[in-house]
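Student: What follows is each chain in one-letter form.
Number of protein chains: 2
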Amino acid sequence: MADKPLILITNDDSISAKGIASLVNAMSKLGEILVVAPDKPQSGMGHAITIHSPLRLMKSNQFQNIQSYTCSGTPVDCVKLAIYEILKRRPDLLVSGINHGSNASTNVLYSGTMSAAIEGAIEGIPSIGFSLLDHDADADFDAASEYAHTIAKGVLANKLQSGVCLNVNIPKGKKSELKGMKICRQGRAFWEDSFDKRKDPSGGDYYWLTGKFEATDKGEDTDMWALEHKFVSVVPTQFDMTAHHLISQLNEWNF
Amino acid sequence: MADKPLILITNDDSISAKGIASLVNAMSKLGEILVVAPDKPQSGMGHAITIHSPLRLMKSNQFQNIQSYTCSGTPVDCVKLAIYEILKRRPDLLVSGINHGSNASTNVLYSGTMSAAIEGAIEGIPSIGFSLLDHDADADFDAASEYAHTIAKGVLANKLQSGVCLNVNIPKGKKSELKGMKICRQGRAFWEDSFDKRKDPSGGDYYWLTGKFEATDKGEDTDMWALEHKFVSVVPTQFDMTAHHLISQLNEWNF
Numbered sequence: 001m002a003d004k005p006l007i008l009i010t011n012d013d014s015i016s017a018k019g020i021a022s023l024v025n026a027m028s029k030l031g032e033i034l035v036v037a038p039d040k041p042q043s044g045m046g047h048a049i050t051i052h053s054p055l056r057l058m059k060s061n062q063f064q065n066i067q068s069y070t071c072s073g074t075p076v077d078c079v080k081l082a083i084y085e086i087l088k089r090r091p092d093l094l095v096s097g098i099n100h101g102s103n104a105s106t107n108v109l110y111s112g113t114m115s116a117a118i119e120g121a122i123e124g125i126p127s128i129g130f131s132l133l134d135h136d137a138d139a140d141f142d143a144a145s146e147y148a149h150t151i152a153k154g155v156l157a158n159k160l161q162s163g164v165c166l167n168v169n170i171p172k173g174k175k176s177e178l179k180g181m182k183i184c185r186q187g188r189a190f191w192e193d194s195f196d197k198r199k200d201p202s203g204g205d206y207y208w209l210t211g212k213f214e215a216t217d218k219g220e221d222t223d224m225w226a227l228e229h230k231f232v233s234v235v236p237t238q239f240d241m242t243a244h245h246l247i248s249q250l251n252e253w254n255f
Numbered sequence: 001m002a003d004k005p006l007i008l009i010t011n012d013d014s015i016s017a018k019g020i021a022s023l024v025n026a027m028s029k030l031g032e033i034l035v036v037a038p039d040k041p042q043s044g045m046g047h048a049i050t051i052h053s054p055l056r057l058m059k060s061n062q063f064q065n066i067q068s069y070t071c072s073g074t075p076v077d078c079v080k081l082a083i084y085e086i087l088k089r090r091p092d093l094l095v096s097g098i099n100h101g102s103n104a105s106t107n108v109l110y111s112g113t114m115s116a117a118i119e120g121a122i123e124g125i126p127s128i129g130f131s132l133l134d135h136d137a138d139a140d141f142d143a144a145s146e147y148a149h150t151i152a153k154g155v156l157a158n159k160l161q162s163g164v165c166l167n168v169n170i171p172k173g174k175k176s177e178l179k180g181m182k183i184c185r186q187g188r189a190f191w192e193d194s195f196d197k198r199k200d201p202s203g204g205d206y207y208w209l210t211g212k213f214e215a216t217d218k219g220e221d222t223d224m225w226a227l228e229h230k231f232v233s234v235v236p237t238q239f240d241m242t243a244h245h246l247i248s249q250l251n252e253w254n255f
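Taken in order, these protein sequences are the chains called A and B. Here the numbering used here is used: the first residue of the first sequence is 1, the next is one more, and so on. Here the numbering used here is used: the first residue of the second sequence is 1, the next is one more, and so on.
Every clue listed holds true.
All copies of an identical chain are treated as equivalent in the list; a pair is satisfied when it fits inside any one copy or across any two copies.
The list that follows gives simulated cross-link-like pairs (lysine-lysine, DSBU-like), each with its CA atoms no further than 30 angstroms apart:
1) 40 / 212
2) 197 / 40
3) 197 / 88
4) 212 / 159
5) 199 / 40
6) 59 / 212
7) 199 / 88
8) 59 / 29
9) 88 / 212
Calculated directly from the structure, the hints in this document are not laboratory data.
Pulled out of the complex, with its shape left as it was, chain A reads as follows:
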């Protein structure tokens, strides 16, 4: 057992989501598994951590013969609790997802799924976030799950460079409809937001965040292009956010 890779699994759609069940299934042949996942949906939580309130951690029976816990906090809290409170040794791999919905392009920043993988990378653990381009709670995860298995196996065999994780997005559809994998860069896009303003029963205003995703990048090397053309997109993602190319330019500014 000690020779089997130790795989930490989390997500942001909560331990009850179909996506994490598919991921547990895909990983079960690759190693020993620990699941630590949020006890409720935590989509859009980005890299949030819980510091103003305490956290709860509960043993779960969600998966047969697999050690699992729920956490009251964010996906990043789950990773921290798993590494520093539950596990006795470092995981060989961290996988997050499979998310119900895309985390391609700029969505990587808002995504709890990807933030969990980025936290893994900060901790020096080879990490991958998986997302399926289908928000449906009952989405078909068959193809996504096959790709997750293949890519996780590849990362275990090849080792990822320290400081980097993978952002993997899988188009909707049967395996036979997909064209394979493509290593990409993060496409440029933004949310053209709009707020759905409503009145509560007492006449007070409240707002629901909605929006339209606007791609501003037509590059054929982007994840957006790959997904539109039915490729699985794989973006090497780093947590060094320095715009290195601007350091010399800023040194010439007159402040």
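With chain A held as given, fit chain B onto it using these hints.
Tutor: What follows is chain B alone, placed relative to chain A:
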């Protein structure tokens, strides 16, 4: 009035924090100001957005003669509400802070202050996050506030490249004790977390996240080095998280 730059101000310590009052004061000579800030502390919220519950937006009287609102959500929610719900024209500058505590190095990822600035950059607005290395609610913001004024003036005059914002951290101390500004890269570090496990009155376990910040990077071009040597650190920060240097390497992997 129409010629004056429009400056959007937010933070993550809430509208009542001393740091945002210092920032409002520092910006008041530079343009017309709108403040949209959280109604309660939102530290460590990273790039979280509120999608599972609605948002409240309230007019505030926090600052004399300055239009201000509180929002029930995260710092990124504040930016989105300001741009898409309140303002009639695009801001010329977004400033966030002044944060009570460091957002240097890897902290940029957890920081609500910096996520607000990064959201500004995604929206194409020149944006800066300011943080003072002092967690005290009554910290001395005099030097930080002077630097905020100087740097904001510089950004308004020079224009920042699209896709990039500035992460500015200011050491604790009087202006005369500081050695000036240094353009830096984000230093590598991680939180060696630990959880303070306690029993609630019913005997249930709960956990407080604590930790020790561990620098793994001794580079003299990092923000950590600059701050330790009493320089104000300025890191050009981008939201493209692609590890571009790894794209060709991953193309050679056998999946």
